[in-house]
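K.L.:
Given chain A, put chain B in place with the hints provided.
As a plain string of letters, each chain reads:
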Amino acid sequence: MKKFWILIKYEWLNFRADKGLLILVTLTLLAGLYGIYYGTTEVQRQQQNIAGLEKLTEHNVEELKAKYPEGTDAGDIGYYHSTFAVHHPDSWASLALGQRDVNPYYIKLRLLNLQSQLYDTENINPQKVLAGNFDLSFVLVYLFPLLIIGLCFNILSIEKEQGTLPLLLSQPISLPLIVGAKLTFRMLVVLGLGLLLSILAMIWGKVLPDGRVALWLGVVVLYCLFWFAVAFLVAALQKNSAFNAVTLLGVWLLLTIVIPALLNVYVSIKQPVPQALALTIQQREVVHGGWDKPKRETMDKFFALYPQWRDTTEIKERFVWRWYYAFHHLGDVAVQDLATQYKQTLLARHELVQKLNVLSVPVNVQGIFNAMAGSDLPSYVQFLQSATRYHDRLREFYYPFLFRQITFTHADFAREPRHSFASAPDMKSATAGLLKLLVSVGIVFGAGLLLFRWKTASVK
Amino acid sequence: MVKSIAQKEFISTLRDRRFVVLSVLVLLLLLAATVVGLYSSHTLQQEREVAQEEVNHQFHNSADRHPHRMAHYGSFAFRPKSTLSFLDFGLDSFTGASVFMEAHKQNSANFSQAQQSSSLIRFGEMTVAFVLQMLMPLLIIFLCFGAFTQEKETGTLKILLSQGVSLSQIAWAKIAGYSKTVALVVTPALLLAGGLLFGQNGLDLQPDTLWRLLLFMAFYLMYFFIFIVLSVVVSALHQRSSTSLVTLLGIWILCCVIIPKASANLGNTLYTTPTKAQMDADVHEEVAKGIDGHNSQDSRAEALKKDLLRKYGVDSVSQLLVNVDGIIMAVGEEQSTKVYREHFEKLTGTFQKQNRISELAAFLNPYLAVRHLSMGMAGSDFPHYLHFQNKAEEYRYHLAQGLNHIQATRLKYKDKTTRLSSDTWKEFKPFTYETPPVQWALRHHLLSLTALVLWLGLVCTVGMRVINKTQIV
Chain A
1466 MKKFWILIKY
1476 EWLNFRADKG
1486 LLILVTLTLL
1496 AGLYGIYYGT
1506 TEVQRQQQNI
1516 AGLEKLTEHN
1526 VEELKAKYPE
1536 GTDAGDIGYY
1546 HSTFAVHHPD
1556 SWASLALGQR
1566 DVNPYYIKLR
1576 LLNLQSQLYD
1586 TENINPQKVL
1596 AGNFDLSFVL
1606 VYLFPLLIIG
1616 LCFNILSIEK
1626 EQGTLPLLLS
1636 QPISLPLIVG
1646 AKLTFRMLVV
1656 LGLGLLLSIL
1666 AMIWGKVLPD
1676 GRVALWLGVV
1686 VLYCLFWFAV
1696 AFLVAALQKN
1706 SAFNAVTLLG
1716 VWLLLTIVIP
1726 ALLNVYVSIK
1736 QPVPQALALT
1746 IQQREVVHGG
1756 WDKPKRETMD
1766 KFFALYPQWR
1776 DTTEIKERFV
1786 WRWYYAFHHL
1796 GDVAVQDLAT
1806 QYKQTLLARH
1816 ELVQKLNVLS
1826 VPVNVQGIFN
1836 AMAGSDLPSY
1846 VQFLQSATRY
1856 HDRLREFYYP
1866 FLFRQITFTH
1876 ADFAREPRHS
1886 FASAPDMKSA
1896 TAGLLKLLVS
1906 VGIVFGAGLL
1916 LFRWKTASVK
Chain B
14 MVKSIAQKEF
24 ISTLRDRRFV
34 VLSVLVLLLL
44 LAATVVGLYS
54 SHTLQQEREV
64 AQEEVNHQFH
74 NSADRHPHRM
84 AHYGSFAFRP
94 KSTLSFLDFG
104 LDSFTGASVF
114 MEAHKQNSAN
124 FSQAQQSSSL
134 IRFGEMTVAF
144 VLQMLMPLLI
154 IFLCFGAFTQ
164 EKETGTLKIL
174 LSQGVSLSQI
184 AWAKIAGYSK
194 TVALVVTPAL
204 LLAGGLLFGQ
214 NGLDLQPDTL
224 WRLLLFMAFY
234 LMYFFIFIVL
244 SVVVSALHQR
254 SSTSLVTLLG
264 IWILCCVIIP
274 KASANLGNTL
284 YTTPTKAQMD
294 ADVHEEVAKG
304 IDGHNSQDSR
314 AEALKKDLLR
324 KYGVDSVSQL
334 LVNVDGIIMA
344 VGEEQSTKVY
354 REHFEKLTGT
364 FQKQNRISEL
374 AAFLNPYLAV
384 RHLSMGMAGS
394 DFPHYLHFQN
404 KAEEYRYHLA
414 QGLNHIQATR
424 LKYKDKTTRL
434 SSDTWKEFKP
444 FTYETPPVQW
454 ALRHHLLSLT
464 ALVLWLGLVC
474 TVGMRVINKT
484 QIV
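So the protein sequences, as listed, match chains A and B.
Counting from 1 along the first sequence, just add 1465 to a position and that's the residue number in the working numbering.
Counting from 1 along the second sequence, just add 13 to a position and that's the residue number in the working numbering.
So that you can see chain A by itself, here it is in the shape it has in the complex (with noise of 0.2 Å):
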């Protein structure tokens, strides 16, 4: 044991002296420093734009109240009433940020049918959307390997290379030992950079203090031990530096990239998402049809669904809004299939993806990172699925002001249903994921292990 401690110890002062290796390390670290704040003024900038939404709301009332006095016909103000439905941000999505930038957190509502509503997209920039999100998760799941990479790949071979490892061999320590504590050294380094700055960013974050600190450690030390094993892997395939480089360079660029990008093309070709368009020129067909058919047909339709309606006065007038509002709510019925098959087929393409990611481990653990932080496309499924449910509840709202004939006063505002979603963790998914995760450190290191032994006992 005490060998091991003065070959970690010469480690130490070679690393010192190594002005490379001390870049190497600094700039991972800035960039996980700039990634921690990236993330976190993102959420916050999300959550300034939530909190404005309210202010936006309580405008639009202000400008009713002025315009329409009191008891006035509440149709006018669904009309042009518009509230918000709100996707609030987890408190750990400011360290995977996922498709929270790609999908509107927020949705502008009025009494209208939602189905034209609800896919309402926000200003993105596609450019920047397209590069993607420079978070903590971003970080860890790509340059960490990098930096591992980096300090492993010559790890053997360069004793070799400098004839040094005759040298050392000389001395009562077996190769085993050196390379155990030359790869315990740089884990001590990789994993302390890694705990470091992930416990920054929970801190920087002010992120909930549950499960998820200590699945999240787990995670990211787990992810560092699989990317040490490979390094291993290669070492112990005992070929020379070059060798090794572009090996490892060639695994991380399999893994992290070439990998996840046919798993894409194989998940869109799969399972095809052909309800959107189809959707969206459907429900206007409908919405506007609705003028032309006769009242008695509408609204019967519409007191099937709503018998507690049946009773109220028959339309005789040119244009009622209960009538407006009954054939728009029937537009969203006849759409109804395709917008529940919309929502499944976006969630089988998860489900697809969450099967395929044993095939790529930087796919696996990016997934447990935004399944944690409920920032993946579910998320933004459950948030439309919410939304629906509070139109629902605005229509219910409205409603006996409609078929009643209830004059809407100032006081009613304040009355009307709010809607607000956060979302949740998926602590299935995570869980499942980093078992999936020790899975491949395991088969990796061993796989290592038995390599090393059957080459260094050839070398013999």
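These are computed hints drawn from the structure, not numbers from a lab.
Worth double-checking, as some hints may not be accurate.
[Stated by the list, open to error] Keeping only pairs whose Cα atoms sit at most 27 Å apart, straight-line, the calculated DSS-like set for lysine-lysine is:
(1) B:Lys-289 with A:Lys-1808
(2) A:Lys-1573 with B:Lys-359
(3) B:Lys-425 with A:Lys-1758
(4) B:Lys-425 with B:Lys-439
(5) A:Lys-1532 with B:Lys-319
P.N.:
Just chain B now, kept in the frame of chain A:
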């Protein structure tokens, strides 16, 4: 001498099994990306074409309606995929596919591919551009890292120099040899891409598309050449192959992974994007109150009525030959569109400022230069997207104003019940979209083009000077 060095590099590379395996892998990926790209962009294009035809048909055969109801019924613009976008998806997966065009209101482009995907899509997409931009440089690095270091390690550099060639002559010879090898890998894929394109479009292929394809290829060839020369220069600066390789891999990571993401994020941090909700509220506010805040919508309409009465010397609006409802609607549309467009321009201005950071970073990083140019030629960059959005907005405006005109001329004042037959709607041409010409696309990427050319010049001049000055031990 120079020729035989080039020949030697070419032959010895072909004899290197590892390199051959890697090249075959890259080539296979390139071919796969071509086929997959063509398939998926074809599918998307088909889907959008069908949708566009359907809505056009619906509009022309729509029921008898009041023109203003028709204005609310509106139409859709589905963004067609540009012919070459199968080579580089660019922003296409992150931009909306459909815009609903109605009176009074400018809607967002909805249903982007990215919104329908899990975060897997953020790892990148398998396209020809991706292989050319990211994987080819790696292959080049692998090919060239030992250009000088190997000669130094085996002691052959001195022997070569004693034959009377200069360092830069050796460098050029090697560059020639490597270029030939790279061409061998890239050519089949580019030929396949070109062939498939011809196969699909036959003789209908627009000369503009051909120009785009040629420039697309030319930019990549420049990019590869820059990487070859850069690798040779780096190799000349090092004594050992392994350090040369590690340096080059570091450069690759910085150029292809870190800088692109960091510069885009920096732009986003520096220039804040206003939310759509805030923008819509501002537009609404300005339209309602008038831009100066005094001239409200209702008072504007009153003033307009009075003006018309005075102008035509009648006492009431019903005596006017035109329907004042339509006129008021048209003036309102004009006003709100003007306000909206100002805000939209401000928004896109912000986006352009954000993107400018990446464009400037191209002077530090040839990867960004070629990426922007590649998207530009493929028609999947930000300017093309904006072009589509503006065309859709233009169509929306003309549709709304056309219907207002019908209301003003063919309907009576306060008439809300008359329905015009569907023949009226056939007077409106459906929405069509043409990708702008190649010169237009190039004009939007002058900065990136300058950066790429500058890089090419710099590596050839400064790089060679550096090689000539290196110490041979």
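K.L.:
Are any of the numbered hints broken by this structure? If so, which, sorted upward?
P.N.:
Of the numbered hints given earlier, the structure breaks none, since each of them holds.
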